[in-house]
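Line by line, the protein sequences are chains A and B.
Note that full-length UniProt numbering has the first sequence beginning at 1, numbered continuously upward.
Note that full-length UniProt numbering has the second sequence beginning at 1, numbered continuously upward.
Rather than coming from a laboratory, the hints here were simulated on the basis of the structure.
One or more of the hints may lead you astray.
Calculated lysine-lysine pairs in the DSSO-like style (CA-CA distance at most 27 Å, straight line) [what the hints assert, rightly or not]:
| id | chain 1 | residue 1 | chain 2 | residue 2 |
| --- | --- | --- | --- | --- |
| 1 | B | K46 | A | K293 |
| 2 | B | K5 | B | K70 |
| 3 | A | K62 | A | K2 |
| 4 | A | K293 | B | K10 |
| 5 | A | K2 | B | K10 |
| 6 | A | K290 | B | K5 |
| 7 | A | K293 | B | K116 |
| 8 | B | K46 | A | K290 |
| 9 | B | K70 | B | K157 |
| 10 | B | K116 | A | K2 |
| 11 | B | K10 | A | K290 |
| 12 | A | K126 | A | K104 |
| 13 | A | K293 | B | K157 |
| 14 | A | K293 | B | K89 |
| 15 | B | K5 | A | K293 |
| 16 | A | K290 | B | K89 |
| 17 | A | K293 | B | K53 |
| 18 | B | K53 | B | K70 |
| 19 | A | K139 | A | K126 |
| 20 | B | K53 | B | K10 |
| 21 | A | K290 | B | K70 |
From chain A, some residues computed to sit far from chain B (all C-beta separations above 10 Å) [unchecked claim]:
| id | residue |
| --- | --- |
| 22 | T5 |
| 23 | M203 |
| 24 | T209 |
Derived CB-CB ranges, DEER-like [said to hold, decoys possible]:
| id | chain 1 | residue 1 | chain 2 | residue 2 | range |
| --- | --- | --- | --- | --- | --- |
| 25 | A | L194 | B | I214 | 29 to 39 Å |
| 26 | A | M262 | B | K70 | 46 to 56 Å |
| 27 | B | S139 | A | S237 | 54 to 64 Å |
| 28 | A | I278 | B | T24 | 47 to 57 Å |
| 29 | B | A56 | A | A211 | 29 to 39 Å |
| 30 | B | S139 | A | I174 | 54 to 64 Å |
| 31 | A | T261 | B | E137 | 27 to 37 Å |
| 32 | B | V15 | A | S165 | 35 to 45 Å |
| 33 | B | E211 | A | R7 | 32 to 42 Å |
| 34 | B | G14 | A | L194 | 24 to 34 Å |
| 35 | B | K70 | A | F239 | 44 to 54 Å |
| 36 | A | R289 | B | N65 | 47 to 57 Å |
This structure is a prediction, so every number in the text was calculated from the model and none was measured.
Each residue gets a CB set at the ideal place from its N, CA and C atoms; glycine is no exception.
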Amino acid sequence: MKGRTLRRHFRESFRSLGRNGWMTFASISAVTVTLILVGAFALLMANLDKVADDIENDVEIKVLIDELADSQAEDDLQKKIKDLPDVDEVVYSSKEEELKKLIKDLGKDFELWEQQNPLRNVLYVKASNPQQTVEVAKKIDKMEYTAEVNYGKGKIEKLFSVLNSGRNIGLVLIIGLLFTAIFLISNTIRITILARRDEIEIMKLVGATNAFVRIPLLLEGAWLGILGSIIPIAAVSSFYPYFYKQVSPRLQGELFQLVDTMPLIYQVDLLVLAIGVIIGMLGSFMSVRKFLKI
Amino acid sequence: MIQMKNVTKKYSNGVVAVNGISITIRRGEFVYVVGPSGAGKSTFIKLMYREEKATAGDVLIDGENVGQLKNRQVPQLRRSLGVVFQDFKLLPRLTAYENVAFALEVTEHTPAEIRKRVMEVLDLVGLSHKARMLPHELSGGEQQRIAIARSIVNNPKLVIADEPTGNLDPDTSWEIMSIFEKINAQGTTVVMATHNKEIVNTARRRVIAIEGGIIVRDEDGGEYGYER
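Throw the hints in and build the complete structure from the sequences for me.
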């Protein structure tokens, strides 16, 4: 293709945006609405994922050390656990520290126990992948000098299965949303192209190649996508920082936090723009195909 | 120029529009294709520029078997011939000039070539003074002249016209006819499907009559031969 022809295709794509005024507006609106949904969903999913991660990362194994273990045995145990595959870190906490924590959490009534501390020395173990927690806990349970291995048996399995199905549902919803978007947009674009089927027929009859007909329409689809993503991008970029400002102070000290604004809104903006362009072009491509068979 | 050998066209709905036609049209001929409505004239013509593909038999244009062209080779065929329709088929949003230039833009000519060639053909059809007008600002006859200009702007060896005067009054039809004669006089083969009895009977040429998908008559200087 010659450069002149390419310039013609660009010029033509812009001109037909203007010529098809109302249909252009309709297509852009369809893209806008869909992309706002996509953007909102992406933000929601990013945060749900973050929450799930935070909760998962908070999962740890509490190993109560048998009272019979001397400090040498405790060191050995700690080392043995540390050497297990899938173990990220092992933190030792003496029974005195444990009691202080208990008093801090539950109140001064428990200071009585400082006379005779009923608690045990503890190892806190974190698996490198939270999903491995159960496996690791089972291995630790078999070791010597472990009085009790606590990892929220039953609860943790349930938690992980809930988080996993939550992620899967989110993924399915996003894919469903994208398909809806493509369908919606290609339908709107199909109407604009339908109005021009005579034009396409004439182009084909004077000997235009399929590419010659298609390229301006693909470009037009891309412009529709770009124009349609302006409002969603603006919405994402202004809404999320506001939401973050309002909500994140209230989550201070909680188990989970919101995703930081900064890389996230760029990523979502980019996603929205890319999806806009892709579905715009895909919509054009699918709609024009039928009319090229002349 | 055009050779058909036992060409049959059966549409997917079962209608056999053309049923075993064989014919030869030589270079530089002027041929009328006549016959009642639904006789297969349009299909006969569409087979030539491959809007329709024959279900059996061969259609050769300038030695090339049109039926065997791949889809991506069809544009090349269309550029080597001009087609004129009853309903003009002009692009409504483009000016007369742009409509004609369009056929050359498609073939990636330079702007200078396009300008020169478009003005030539607009001169030929006598409409260079209306180059800037939009189709709806022109009369039917003028629109058809623009369409003819577009069909010949690529210097085709063959111009195919499907009832080019079907929507026009008698005087205007004669104007259109005289343009086709001018084009034919320059050596271009013209195939024209028509219902215009007066033209066929006055400007005597070879007449091919099609009825029920077969050729019932083929004579030089023939008559229209139907009451309407």
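Hint numbers the structure violates, sorted upward? 3, 5, 6, 7, 22, 23, 24, 31, 32, 33 and 36
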